[in-house]
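These are the residues of each chain, in order.
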Amino acid sequence: MDESKIVAENLKTKEDLVEKIDSLNSLRMLVFKDNSVDKTALNQAYLAAFGRNIDENLSSNREALSTLIDQTQNYLESLKVVNLTLAFEPSHEFLLRLKKFFQEALGQTVVINLVVNPTIIGGVILENNGKYLDYSSAAILDSAFQDRDFLTTLLQPET
Amino acid sequence: MSTENILLIAFLTNSVLLVITLIMIFIFRPSKKDEQVIKKQMEQEAKETILRAQSMAADIVKNANAELETSKQFLKTQTDQLLKTMKDGLSETLSNTSNNIQTTTTKTLEDYHQSLLNLNESLKNYASELQQKLGAETAGRIDQFNQEIQKEIASVRSLNQEKVNTRLQTLDQELDKIKKEHYEALQKSIFVVLARISKKVLGRSIDISTHEQLVIDALEKAKKENFF
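Protein chains in written order, with the working numbering: chain P, 1 to 159; chain X, 1 to 228.
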């Protein structure tokens, strides 16, 4: 698996993606500096961008490093983003579970643009490729409260 | 002819005769010798003529004065008589006129009084007749007016009753509508309150595992519905 896909696999949310692209940009700035750049600093930037230490060959080959950075950034920017609204702050594990679900459903690596909105009570609101789906508990309740006849019968005293 | 005119004519006549005489004397004047005699005769004759003329003039003046006096007396007598006649006539006329006026006035007053009496009687009759006519006319009109008023009152009553009924119906309808609107608004408010309460209760009562399960269930449902 190449470096770009490894990086993408570790991204869960759009915030992670933005942070990763920022790391790549920081690394690119160091690469374009003269050869006097400290190797330790370069390694730290690489570690932040790719999640592992830079190997010696790549460290001395600025051109190859630059190409890797560009390829990785292009790949990350091409990733599919799914908008997801939840009523609670999800745990890391649950985010990974969601990411896995979307990758299986869509057949590609995705990042989640997560919005936390407690007013939806529960469930989820999805936006994908311009389509919108509201499976929130609030929407279900609103729909139920639109059925006045049903609610009226509920308001009647039990016999 | 007045006395002055007579005297003037006499004087002129004597003067003309004197002039003629002088002319004749001059034409047929005698010789130097006789001239003195003739002159003396002529002077004598002239003196005589003048004397005669003076005498005649004096007579004329005397007669004229007498005539004047006579005329004055006559005029005075005539004037007095005329004045007396006029006075008597005027007095008589005044007396007659006064009598006539008094008579006429009395008669006029009597006529006027009679006319007034007649007029009064006529007016009395006319007033009485008019009163009767007016009474009859008024009674008729009042009856007619009374009937019309009765009709109008009946019509207005009917109209009012109809309007009241219509208004009552409208009010009933409006009341029903308001009741319905209030009932619906109340229902809506109840549902809104219920929805809010339900959301709050649900939001607080759902634990993390239930939340996660709700999300997974929703995603599975979306997958089944080919959302992705």
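Please note that the accuracy of each hint is not assured.
Stated by the list, open to error - Below, a sample of chain P positions facing chain X; criterion: calculated Cβ distance under 7 Å:
(1) Y75
(2) L76
(3) F88
(4) L106
(5) G122
(6) Y132
(7) L133
(8) A139
(9) I140
(10) F150
(11) L154
Derived by calculation from the structure, the hints in this document are not laboratory data. Using N, Cα and C, we set each Cβ at its ideal position, and we do this for glycine too.
Broken hints, by number = 1, 2, 6, 8, 9, 10, 11
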